[in-house]
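The chain contents come next:
There are 2 protein chains.
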Amino acid sequence: MRICMIGAGNLATQLSLALSQKGHEIVQVWSQTAHHASDLALKLNCPSTNESEKITDDAQVYLIAIKDEAIVPFLNRHQWDNKLVVHTAGSIPMSTLETKCLNFGVFYPFQTFSKNKKVDFDQIPICIEASSPQNLEILNQLACSLSENINFYNSDQRKQIHLAAVFVNNFVNHFYTIGEEILAEKGIGFEILKPLILETAQKIITQDPQSSQTGPAIRNDQIILNKQLEMLTNRPDLKKIYSLISERIIQTIK
Amino acid sequence: MRICMIGAGNLATQLSLALSQKGHEIVQVWSQTAHHASDLALKLNCPSTNESEKITDDAQVYLIAIKDEAIVPFLNRHQWDNKLVVHTAGSIPMSTLETKCLNFGVFYPFQTFSKNKKVDFDQIPICIEASSPQNLEILNQLACSLSENINFYNSDQRKQIHLAAVFVNNFVNHFYTIGEEILAEKGIGFEILKPLILETAQKIITQDPQSSQTGPAIRNDQIILNKQLEMLTNRPDLKKIYSLISERIIQTIK
Chain A
136 MRICMIGAGN
146 LATQLSLALS
156 QKGHEIVQVW
166 SQTAHHASDL
176 ALKLNCPSTN
186 ESEKITDDAQ
196 VYLIAIKDEA
206 IVPFLNRHQW
216 DNKLVVHTAG
226 SIPMSTLETK
236 CLNFGVFYPF
246 QTFSKNKKVD
256 FDQIPICIEA
266 SSPQNLEILN
276 QLACSLSENI
286 NFYNSDQRKQ
296 IHLAAVFVNN
306 FVNHFYTIGE
316 EILAEKGIGF
326 EILKPLILET
336 AQKIITQDPQ
346 SSQTGPAIRN
356 DQIILNKQLE
366 MLTNRPDLKK
376 IYSLISERII
386 QTIK
Chain B
136 MRICMIGAGN
146 LATQLSLALS
156 QKGHEIVQVW
166 SQTAHHASDL
176 ALKLNCPSTN
186 ESEKITDDAQ
196 VYLIAIKDEA
206 IVPFLNRHQW
216 DNKLVVHTAG
226 SIPMSTLETK
236 CLNFGVFYPF
246 QTFSKNKKVD
256 FDQIPICIEA
266 SSPQNLEILN
276 QLACSLSENI
286 NFYNSDQRKQ
296 IHLAAVFVNN
306 FVNHFYTIGE
316 EILAEKGIGF
326 EILKPLILET
336 AQKIITQDPQ
346 SSQTGPAIRN
356 DQIILNKQLE
366 MLTNRPDLKK
376 IYSLISERII
386 QTIK
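Taken in order, these protein sequences are the chains called A and B.
Residue numbers for the first sequence follow the working numbering, beginning at 136 and rising by one.
Residue numbers for the second sequence follow the working numbering, beginning at 136 and rising by one.
The shape of chain A in the complex, shown without the other chains (with noise of 0.2 Å):
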């Protein structure tokens, strides 16, 4: 298929490059910011461009890959016809595009991105939606190019994926973070958390979360739970975290 990417950032640029390499043909990439664009359409070796006037028509799918409060400035920039637009965000229903375009739909890869480390799409789950039967055979057909799980779901439902994935994502990434600082502390490097991140990940493919559970609080130990809130005393924040979830893993106990 011939695709217009709107956006240079992590997932423009991953996503750009898995489809050009599954034989797909992006056409052009527009960025707000030159230098973006032409970084991205130089490793792609397409035009690029930053000025909304100069987007191709020449495209049959138009994907936005922008911030989410981006994406209804940009639309208005551009008229759109009846070319087929497609946002890539979470939490934005599909509705939005409604107004500004007669043909839209919503392609979520559902995968945290960086710009330099290069994903595997096999096994990304890529939620679609979109606003015809006729529309959604296009994203789908595309979906399929790249992987193996393809989800139908709707915004209401991919809103709540999103605010799932903010506490499996962004708030665990935040512990790690935190389990960083508390080792610090004592003149410990971070190393000697990375193979119990790694397994703690891996349980889940097998086990579900709940069974699974480790530690003080399942096993309401409170002889434990008391000694670590101490020595948390000057750091009354993570004694806040650390109480709160532990007190919420303490209700899960049948």
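Note that the list lumps identical chains together, so a pair holds whenever it fits in one copy or between two copies.
Using 27 Å as the maximum straight-line C-alpha spacing, the simulated DSSO-like pairs for lysine-lysine come out as follows:
no., residue 1, residue 2
1, Lys329, Lys389
2, Lys389, Lys375
3, Lys253, Lys329
4, Lys362, Lys202
5, Lys294, Lys321
6, Lys374, Lys294
7, Lys202, Lys374
8, Lys252, Lys157
9, Lys218, Lys202
10, Lys202, Lys321
11, Lys218, Lys157
Source of the hints: derived by calculation from the structure; they are not laboratory data.
The structure presented is a predicted model; accordingly, all values stated were derived computationally and were not measured.
Chain A is fixed; fit chain B onto it per the hints.
Only chain B this time, still in chain A's reference frame:
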């Protein structure tokens, strides 16, 4: 080495199987619960007992892998003379063994263990500490036969490592459970979160966690933050956790 295994839980099981596989001889398994002891002893093809008077004299190392609070009562039930007695608990200082034993130490494999999920010890950090250089050398030999990752931390540092583990293992796993709960509200299965959970963990192997941080809080994206808080209106416990962690992430923005 000739080892007496005190305990038959997750850690005792995995540790004694690994030691046996590396050519050490588990000469006896003790557990308070006779059938737990015999179940593990069957796997190791060795005798077992649940009576503390029947603990063998014929071992070089007595490895205690039982619940933290059971360690002291257990020690009191036997005469240890000059035997090398070693516990495996992160949060218990080595000095706990001092009053009952002449030769003692700590052997702390830093990982999460399940009874039935086999663990590859090669990369697991093992923290050792001992009452004398001679005893430390014995524990070092034992540790080196299992893992390439040996660490010499004292009881105070080990306690800190255990606290960090509660955040990156126990609390992280509870966030996986929260992710499952949030999805279930809209009839979505946990499966969709698995690739994201794995990638989040794998990222920290090559990138430090603070620079890996993504999501609405690190962008200080108040629109999404408020939308997601609103989605949690009927879940005051989750709303509180969401606010607290998001605020802490925002504070890390430079």
